[in-house]
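Student: This is what each chain is made of:
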Amino acid sequence: MKTPGRDLAKKVADIKSAKTFDVRSSALPTWCPGCGYFGIHQGLNACIRELGLPLHQVMTVSGIGCAGRYPFFTKTYGLHTVHGRALPVATGVKMANPDLTVYVVGGDGDGLAIGGGHLPHVARRDVNVNYLLFDNSIYGLTKGQPSPSSPVGMKSKASPFGTSDKPLNATLLALTYGASFVARLFAGDPRASPEPSLKAPGIRALRSSTSTPRA
Amino acid sequence: MPGVDVTVEVCGMAGDGTIAAGGLINEAMSAGGFSVLGFDSYPAEIRGFGRCVTRSRIGDEEILAMEDETHVLISLNDQQSISRVPVLAKDSALFFDNNPPTYVTEEKSLAAEVDPETMLFGMPFSDLAVEAAGTDRGRNLTALGGFAAVCGVPPDFFRRVITKKFKPKGEKVLDANLKSFDAGYDYAKEHFAARLKTMFVEPERFEGRERVMLSGNLAIGKGALDAGLKLYFGYPITPATPIMEYLAKMLPERGGAVIQMEDEISSIGAVLGAGFAGARSMTATSGPGFALMTELITHGVMAEIPAVILNAQRGGPSTGLPTKTEQSDLQAAVFGGPGDSGRIVIAPTNVAECYAFTVKSFQLAEKYQTPVVVLTDFFLDNRVENLPMPEAAEDDIAGGNIFPDDSAKGSYRRYLDTETGISPRSVPGMEGFTFSATGLEHTERGTPDYSPDNHMKMSDKRHRKIQGALADLPEPREFSPGGKLDVGVVGWGSTFGSILEAVNTAQSRGLKVGALKITAIFPYHGDVIGEFMSRCSRILIPELNHSGQLANLISHLRGNDVVRLNLATGMPFPPSAILSRIEELVKAGA
Numbered sequence: 176m177k178t179p180g181r182d183l184a185k186k187v188a189d190i191k192s193a194k195t196f197d198v199r200s201s202a203l204p205t206w207c208p209g210c211g212y213f214g215i216h217q218g219l220n221a222c223i224r225e226l227g228l229p230l231h232q233v234m235t236v237s238g239i240g241c242a243g244r245y246p247f248f249t250k251t252y253g254l255h256t257v258h259g260r261a262l263p264v265a266t267g268v269k270m271a272n273p274d275l276t277v278y279v280v281g282g283d284g285d286g287l288a289i290g291g292g293h294l295p296h297v298a299r300r301d302v303n304v305n306y307l308l309f310d311n312s313i314y315g316l317t318k319g320q321p322s323p324s325s326p327v328g329m330k331s332k333a334s335p336f337g338t339s340d341k342p343l344n345a346t347l348l349a350l351t352y353g354a355s356f357v358a359r360l361f362a363g364d365p366r367a368s369p370e371p372s373l374k375a376p377g378i379r380a381l382r383s384s385t386s387t388p389r390a
Numbered sequence: 005m006p007g008v009d010v011t012v013e014v015c016g017m018a019g020d021g022t023i024a025a026g027g028l029i030n031e032a033m034s035a036g037g038f039s040v041l042g043f044d045s046y047p048a049e050i051r052g053f054g055r056c057v058t059r060s061r062i063g064d065e066e067i068l069a070m071e072d073e074t075h076v077l078i079s080l081n082d083q084q085s086i087s088r089v090p091v092l093a094k095d096s097a098l099f100f101d102n103n104p105p106t107y108v109t110e111e112k113s114l115a116a117e118v119d120p121e122t123m124l125f126g127m128p129f130s131d132l133a134v135e136a137a138g139t140d141r142g143r144n145l146t147a148l149g150g151f152a153a154v155c156g157v158p159p160d161f162f163r164r165v166i167t168k169k170f171k172p173k174g175e176k177v178l179d180a181n182l183k184s185f186d187a188g189y190d191y192a193k194e195h196f197a198a199r200l201k202t203m204f205v206e207p208e209r210f211e212g213r214e215r216v217m218l219s220g221n222l223a224i225g226k227g228a229l230d231a232g233l234k235l236y237f238g239y240p241i242t243p244a245t246p247i248m249e250y251l252a253k254m255l256p257e258r259g260g261a262v263i264q265m266e267d268e269i270s271s272i273g274a275v276l277g278a279g280f281a282g283a284r285s286m287t288a289t290s291g292p293g294f295a296l297m298t299e300l301i302t303h304g305v306m307a308e309i310p311a312v313i314l315n316a317q318r319g320g321p322s323t324g325l326p327t328k329t330e331q332s333d334l335q336a337a338v339f340g341g342p343g344d345s346g347r348i349v350i351a352p353t354n355v356a357e358c359y360a361f362t363v364k365s366f367q368l369a370e371k372y373q374t375p376v377v378v379l380t381d382f383f384l385d386n387r388v389e390n391l392p393m394p395e396a397a398e399d400d401i402a403g404g405n406i407f408p409d410d411s412a413k414g415s416y417r418r419y420l421d422t423e424t425g426i427s428p429r430s431v432p433g434m435e436g437f438t439f440s441a442t443g444l445e446h447t448e449r450g451t452p453d454y455s456p457d458n459h460m461k462m463s464d465k466r467h468r469k470i471q472g473a474l475a476d477l478p479e480p481r482e483f484s485p486g487g488k489l490d491v492g493v494v495g496w497g498s499t500f501g502s503i504l505e506a507v508n509t510a511q512s513r514g515l516k517v518g519a520l521k522i523t524a525i526f527p528y529h530g531d532v533i534g535e536f537m538s539r540c541s542r543i544l545i546p547e548l549n550h551s552g553q554l555a556n557l558i559s560h561l562r563g564n565d566v567v568r569l570n571l572a573t574g575m576p577f578p579p580s581a582i583l584s585r586i587e588e589l590v591k592a593g594a
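So the sequence lines, in the order shown, correspond to chains L and C.
For the first sequence, the positions run 176 to 390 when the working numbering is used.
For the second sequence, the positions run 5 to 594 when the working numbering is used.
Watch out, some of these pointers could steer you wrong.
Said to hold, decoys possible - According to the in silico footprint, chain L covers these stretches of chain C (three or more CB under 8 Å from chain L): (1) 171-181; (2) 276-288.
Stated by the list, open to error - Below are the DSS-like pairs computed for lysine-lysine, each with C-alpha atoms no more than 27 Å apart in a straight line: (3) L/LYS250 / C/LYS516; (4) C/LYS253 / C/LYS169; (5) C/LYS461 / C/LYS516; (6) C/LYS94 / C/LYS171; (7) C/LYS465 / C/LYS488; (8) L/LYS318 / L/LYS341; (9) C/LYS173 / C/LYS112; (10) L/LYS250 / C/LYS168; (11) C/LYS591 / L/LYS250.
FYI, nobody ran anything at the bench for these hints, they're computed from the structure.
Just so it is clear, CB atoms sit at the ideal spot from N, CA and C, and this is done for glycine as well.
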C-alpha cells in the first residue's frame with residue numbers, strides 16, 4: 176500500500192520535531208521501507224541520547240553496503256570508508272582520540288566476507304569500540320546475492336541452483352575471538368538498545384539479526 | 005695530492021662477522037672525518053646460505069654513489085671472495101687468511117686468481133686472534149687490524165668504535181675484540197713494513213668532525229619522530245621493516261605507539277582513521293604492500309584525509325626481488341588505485357633528504373588534506389652515509405591544519421569549494437562542526453551526490469588543490485654551468501647520486517653536460533623541467549626499472565624525444581654506465 180505524499184510529509188515533520196529523534200540528521204535514510212535497519216537506527220539513537228553523549232564526541236565508522244550509509248543519518252562525526260575496512264579505520268580513530276565513543280556499523284558482507292579478517296585482530300587488541308553487525312544474511316545494496324551468513328540452499332540470481340556454502344555464525348565468531356562483550360539483538364525490538372554493552376571495556380561486538388524487505 | 009676515494013669491501017660467509025666488520029670500517033672512517041657511503045649485500049633468506057659483502061666508499065669529498073671498482077678486499081672466506089675478483093681495481097690490496105689457506109679448489113687459491121699487480125697481504129687471522137684472545141671469533145677484527153696498519157688508518161679510530169660497539173656486551177668481550185684487533189695491527193706493522201699501501205694519508209683528516217652514520221631507514225624513522233609522529237601502523241615487509249622496529253623502540257617514550265596490524269590494508273585504514281581524528285600517523289611498506297593499500301589511499305584522496313605512506317621500493321613485480329633495489333613503483337605511487345586520484349608523491353635522493361622529506365610530508369599531508377607518498381628504494385633505505393646529525397626547522401614541523409572558524413558553526417561545509425581547493429577541516433571532538441566523510445562523490449557538505457555538475461566541480465577542486473601543492477614542494481635542482489648543453493641528464497631517487505657523479509666526471513673532461521634532480525614526482529614542476537629540457541640537445545633519463553617510469557611521466561615535456569637508460573639488475577646504478585652513454589650521445593651529436 177502506498178503512503179500518500181502529504182501523509183509522508185507529515186510523518187517526516189513529526190519525526191523531526193520529536194525529541195526522541197534528535198540524534199538523527201536531516202538526511203532521510205536510503206533504506207527500503209520495512210527494512211530492519213530502521214529499528215537498529217532508532218535503538219542506537221536512543222542509546223546515545225540516554226547515555227548523554229555529546230554528539231561531537233561520538234564517531235560512527237562504516238564500510239560499504241546498506242549499513243555503510245548509516246553515518247549520514249546521524250548527527251555525530253562519521254566516516255563512510257571502503258568495503259570491509261571499518262574496523263581498522265575505527266582502530267586508528269580511537270587510538271588518536273580515546274575520548275571519542277566510537278560505533279562501527281556494517282553488514283554481514285562487509286564484516287564476515289571482505290572484512291572478515293579484521294574482527295579477530297580488533298578483538299585481540301581489545302580496541303575500545305562498539306561493533307554493530309547488521310546481519311540480514313544477504314547482499315542488499317547489490318540486490319540480493321548470498322552472503323556468508325545466508326542459509327544453505329538460498330536461491331538468488333547469483334545462486335540460481337541454491338548456495339552450497341555453510342553459513343557463518345557471527346555471534347560464535349565474536350565469542351571465539353575473545354570480544355569482551357557479545358550480545359544478540361533483534362532489529363524488530365529497538366528498545367533492546369545496545370546500551371548495557373557500553374559498561375564493558377574493550378571491543379564490544381553486537382550482532383543484530385535483521386531482515387531485508389523482499390521485493 | 006689527489007683526493008682520497010677508496011672503496012673497501014669485506015666478503016665472507018654469513019657468520020664470519022662480515023657485516024660487523026664493514027660497519028666498523030664505516031664508523032671508523034666517518035669518525036676520522038671522511039665521507040662514507042656504505043651498502044651491504046645479503047641474501048633474502050634468514051639463515052644466510054650465501055655470501056655477505058659490505059662495500060664502503062670512503063673519500064674526502066661528498067660521496068654521491070657506489071663505484072664499480074674495489075680497491076681493498078678483506079676476505080674472510082676465500083671461496084666466497086673469488087666472486088669479487090672481477091670488480092677489483094688493477095692495483096688493489098687483498099687481505100686474506102693464509103693459515104690454513106682457504107683454497108678455492110685443490111690447485112687454485114684466491115691469491116692466485118687476482119691480477120698479478122694486486123698487493124697481497126696474507127695473514128694468519130685465526131691464529132693471531134686465538135693467540136691474543138683465546139678464541140678465533142675476533143678474526144674479523146684481526147683482519148681490520150691488518151687493513152688499518154697497511155692502509156694508514158690510525159688504530160685509535162678502530163679501537164674507539166670497537167669500544168663503542170662491544171662495551172655493552174661486557175669487559176671480557178670488549179677486551180677480546182680489542183686484543184684481536186691489536187694482534188692484526190701489530191702483525192701487519194711488523195711483517196709488511198717494507199710494502200705499506202697507504203691510502204688514507206692526511207692526518208689532519210683524522211681529527212674527527214661531528215658526523216653520524218645514518219641509513220636511509222633510520223633517517224626516515226628519526227624524521228618521523230622529530231615531526232611529532234603519534235601513531236605508526238604497519239606490517240613487516242623488506243626493506244621497510246627497520247623503520248617500524250626503530251619506531252617501536254622510540255615512539256612509546258614520546259607518548260606515541262606502534263601497532264603491528266594484520267595486513268597492509270588495515271595499516272593504511274588505521275592511518276586514515278588516526279589522521280581523520282587529528283593525529284600525525286604513518287605507515288611504511290614496499291611494492292606488494294603498497295598495491296594492497298591503493299584503494300584506501302584513494303579513499304584518503306576522496307574524503308581528504310591526511311596520511312603519510314612510505315613506499316620503500318624493491319624489485320618487482322609481485323614478490324620480485326625482496327632484497328634488491330629498483331625504481332619501479334613510481335607509476336603505482338602516482339596513479340595506483342581507482343579513479344582520478346591525484347596525490348602528492350615525493351622521492352628523496354640521499355639519506356639527508358630521506359630525513360627532510362619525511363619531516364615535511366606530515367605538514368604537506370595536513371595542509372593539503374591528502375595522502376602523501378614518500379618513495380625510497382632498497383639502496384637508499386639500506387645504505388649508510390655519514391652526515392651531520394639532521395635536524396628539522398620549526399617551520400617544517402609546524403602543524404599544517406586549517407581549522408574552520410566559529411562563524412562557520414551551524415552552516416559548516418567541510419568540502420567548501422575554495423580558490424585553492426583547500427577547505428577548512430574539523431576533527432572529531434570539535435563542537436558545532438560534525439560531518440560525515442565518505443568515499444562517495446559528495447557535495448560541499450559531504451552528502452553523497454552523483455550529479456554531473458557536482459562530480460565535475462568536486463573533481464576539479466581536488467585536482468586544483470593537489471596542483472597547488474607545487475608551491476610547497478622542492479623545485480628541481482640543476483647541476484650545470486647553465487646555458488645550452490649537449491646532454492642533459494634527468495633523474496630521481498637513489499639513481500640521482502650516480503647521475504651526478506657521471507655528470508661531474510663528464511664536466512671535468514670538458515663536456516657540456518648537466519644534470520637535473522627531480523624530487524617532486526607528483527605534482528611536478530613542468531615549467532622548470534621543460535625549460536631545462538629545451539636547453540639540451542639530448543635528454544637522457546637513467547632509471548632502475550625496465551620501462552622508464554619517470555620518462556613515461558615527463559617525456560611529453562620534450563615532445564617525447566628523450567633517451568632512456570634502463571637497468572633492471574636489482575643493483576645500484578653504476579655511474580660508469582651513465583658516463584659512457586653521455587659520451588656516446590655527445591659524440592653522436594658532434
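Student: Can you list which hints this structure breaks, lowest number first?
Tutor: Of the numbered hints, 1, 3, 5, 6, 7, 9, 10 and 11 do not hold.
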